[in-house]
Structure formats: C-alpha cells, structure tokens
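In order, the protein sequence lines correspond to chains U and C.
Counting with our numbering, you get residues 1 to 122 for the letters of the first sequence.
Counting with our numbering, you get residues 123 to 504 for the letters of the second sequence.
Bear in mind the hints are in silico, worked out from the structure with no lab data behind them.
Note that the structure is a prediction, hence the values are computed from the model and not measured.
Note that CB positions come from ideal geometry on N, CA and C, so glycine has one too.
Please note that a few of the clues may not be correct.
[As the list claims (entries may be wrong)] Covered, in the sense of this in silico footprint (three residues per stretch, anywhere, with C-beta under 8 Å from a C-beta of chain C), are these stretches of chain U:
(1) 5–19
(2) 22–34
(3) 56–66
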Amino acid sequence: MYTEQVTERFKKPRFMGEIQEADSTGEVGNVRCGDIMRVSIKVKDDRIADIKFKTYGCVAAIVSSDYLCELVKGKTLEEAENVTSKDVIERMGEVPAIKTHCSVLAQDALRKAIKDYRKKCD
Amino acid sequence: MKTIYLDNSATTKVDPEVMDVMDYYHGQTYGNASSIHHEGKNAKKALGEARSIIANSLGANDDEIIFTSGGTEANNLAIKGMMYANEDKGRHLITTKIEHDCVLNSGKALEAEGFDVTYLDVDSEGFVSPEALEKNLREDTVLVSIIHANNEIGTIQDIQRLSNICKQHDVLFHTDACQSYTKTPITTEMADLITINAHKLHGPKGVGALYVKQGTAIKPLLDGGGHERKRRSGTENVPGIVGFAKAVELGMDEAHVNKMQALRDYLIDEILKIPHTRLNGPRGEQRLCNNANISFRFIEGESIIMNLDTQGICTSTGSACSSQTLEPSHVLMAIEDDPERAHGSVRFTISRYTTKEELDRTLTALKATVDKLRRISPLTEG
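Okay, chain U solo, but in the shape it has when bound (with noise of 0.2 Å):
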C-alpha cells in the first residue's frame, strides 16, 4: 500500500523531535480522529532556521510531517506559508488517495506556529 520512497523515510525520519526553546509550536488534530501533529521551529532572519517535528498517527502522517519539514527548513516564513499539501504529497512520491488527508495537517501545524510566532513578534 505504501511505496518503498516512503516506508524508507518511515524508517528514518530526518526532523523527528522537539526544538529546545523554540521560537514558536504549533499543534492540531484529536485522539479522536486518530492524528496529532506538532511542529516546533526557530526563526532566524525571518527565516525557518530549523524545524521539528512530533506525530501521533499513521505512517503517511508520520512522513508527512517529515517532509514538510524538510521542504519548509530555510524558507522565509512567507514562502513557508505558502507550501500546499500539493507540494507534500508530491515530495512524498504516491500515497494511497485515502491517505492524502494526513497531509493536510503537517501544514496546518505549521502555520498555526507561524501565526503564532508573528503575534509574539507584535
């Protein structure tokens, strides 16, 4: 059901964790509906000079949120912003159509600490 590009990334994910005295979190999602994404970041010159990640779900979530990382790290938050779960999906290779949904929520996670990050910086 999955590809081999992303049980490989399951294996080993790259952003796994949380940043120490980050600048900014961002979490979303319910045990209820089976996934919770967190993603931590530090900004640097208006810039995502690192990013983390912490997921409870399924595989395509899991590697989701590491891709989106990955696309994301040392991006403007502007540009940040504006990575689609499109962009996910398609760094992702194929991913079961009923899966595509868990995408959505890395990304979601992630502007929800821009958001905040730009309220503190107010």
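Could you slot chain C onto chain U? The hints should help.
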C-alpha cells in the same frame, strides 16, 4: 529476512498435506460431481467423504452441511436465507455490535428492506449478556446470530447458554464459528445454524460451509442448478472441499490448542510488561487460544504494524488509519468508547506453526518499535 506470520486470524498458511490432496483433485481426478461418467463419480465420492468428515466434526448429519464459497457467503445465507424463509413468522433479527462485517452488513441490508434488527451491546471484555438477549427477544423475532469467538479480541461467548435461551423461546440460533472452529468445541447442540470456513485452519481460501439443522427452512440466495440439496447452486468446489476436510482432520487435535494457548499467554504476559499497555478481551479459557490483542498508549496501530513489517513481522490493527472507511474498529469501540485504545491496538494471532523463538524475536522488535514511535509522539513528553 524471514517472515514471522502473526496474522492467522486474517488467514493461514495451507498445510502441505492439504495442498497434496487438492492437487490430486485439480489435476488427476477433476470431474464435475454432477456428471454420470466415472470422473464425475470419483468427484461425487470425494465430495461425500469430505462432507462426512466435516459433518462428524460438528456432530451433524451429512445432509445438514451446505458447502459455500466461504464464511461471508455462509453468514449471508444463514441470516438472509432464514429471514426470507420465515417472513410469515416475523421480521426481527437480533445480533451484536461485535460481529464480522458480513453479518453486520447483512443486518443493514435487511434493515434497508424493512426488516427490524437489534444490535446487542457487549461488556468491557466483549461478552454478550444472556439477560439482555432474553429481554430483547420478541414475538416476531425469527433469528439470533452471535459470533462464537470474536475475530479481533478473541472473546469466546457462552454460546450454549445463549442458544438455550433462544430454544426456550422457540427462536432460531445461528453462530459464526469461523475463528473458533477446531480451536474450541462447537457442536450442533449449541446452534441451529453454524458457519465455518477452511482458510482460518490451514485450508484453502474460497471454501466454507453452513450447518443447517434438519427441518429448518432456508431460502437459497443463488438461482442455479440446485446443488447442495437445492440450497446452494453452483458446481461444487471439489478440490477446495476435499482440502477443507483434510485441514479439519489435521486441525482437530487438542495438542495444537494447548500449544497455542501456552504461547499466547507467554506473548500476552511479555507484552504487558511494556509500560502503558492494555489487553483487549478476556484472559484464560474464555479467550481464543491463538489471539493476543493489546493497546499501546500514545502511539497509533498502523505505524506499529508497518514498523514491525519492516522487520518481517505480520500483524494487524483496529486503528482507523488502517481501515478503508477510516473508522476505528467497531469491536474495540463496542467494548469501550475510547478511540485512543482502538487506534493503538495491535492483534497478534498465532498458529500451530508458531514457535517461541519467533515470539521472542517479535517481542524484541516490538519493544524497539514502541520506544521509537513514542519518541515521535506528541502525547508523550521527553
């Protein structure tokens, strides 16, 4: 990487002796049991012998056995066939919330046709209350269908007691014994209709049977040549049926059950040593001898089984993420309305071929998997 197969409630490996007899009836003797030539007679003889073996295993007469394409068809035939045949008596069916999908969806299909269906609750270990059954019986109740041993959490119902209640009220009783057949006693004393199949006991896929007590009217679901005493049309799957009978002969051995029970308890005890784990279903004699179902807090089942799969270990989960409907297991949700428990559940089902070494390798892999996924989980700190 060597496969460790712990998903024997999904299906099993076919026993080599079963394959041998099936090969013979595929390639050497392959007649249609309805043909009058010698090849046809050979097929008919083999079919009759297989039928006797299966009938004997249940304490039934040969003509009380209807061969089908498997458990799903047998359950459909039992439920719809009985409800359609007894419409003059009533249109009420009673079943439970923890049935296999083929029973639940037969119930839903009947509801769409105007039948009335009651789905009984179960307790926290998956048991149906005899009192609740009795309370829900009505004048127009035709049939009660209750799964013998649950396929997910392994709960074995007190089927004799439930059946006796139905008998007292002159209501027919059906049980789906696909998981329990050859693993815990099931006889014609315990039900008017019994569903069994082959591929859960090292027989072939695509073969099952329904026991129907003599004198019980049943409406066939398929129109055709009137095979199986006009109750199930379609050329008999002779190689499959002969393989089924062989699998039953090989499977009816208390030594297998004792071995599986000991391994099951070892597995359960060892897994429960992992912190934040919980057994789903009962312990001891009332649990299917090959089933261990455990919920792991803070992590999700599909991730667990996929991580085990990367190490060659096959298991299954009741998590929503692994289902086509994205709904958590209806069985786990029936024992407790706790989605985390359902999402974090993993089912390990062993067979007579399973070894302690395989379980030890599984336990090592499982501990590492749980540890890794809990480190990724936002629900655990640190």
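Quick rundown of the hints versus the structure:
1. Coverage of the region 5–19 of chain U by chain C holds [criterion: at least 3 residues with CB-CB distance below 8 Å; count 6].
2. Counting residues of the region 22–34 of chain U whose beta carbon lies closer than 8 Å to any beta carbon of chain C gives 5, which meets the minimum of three for the stated coverage.
3. Figure legend: the region 56–66 of chain U, annotated as covered by chain C; annotation consistent (7 residues with Cβ-Cβ distances under 8 Å, at least 3 required).
Going down the numbered hints, you'll see the structure goes against none, and every one checks out.
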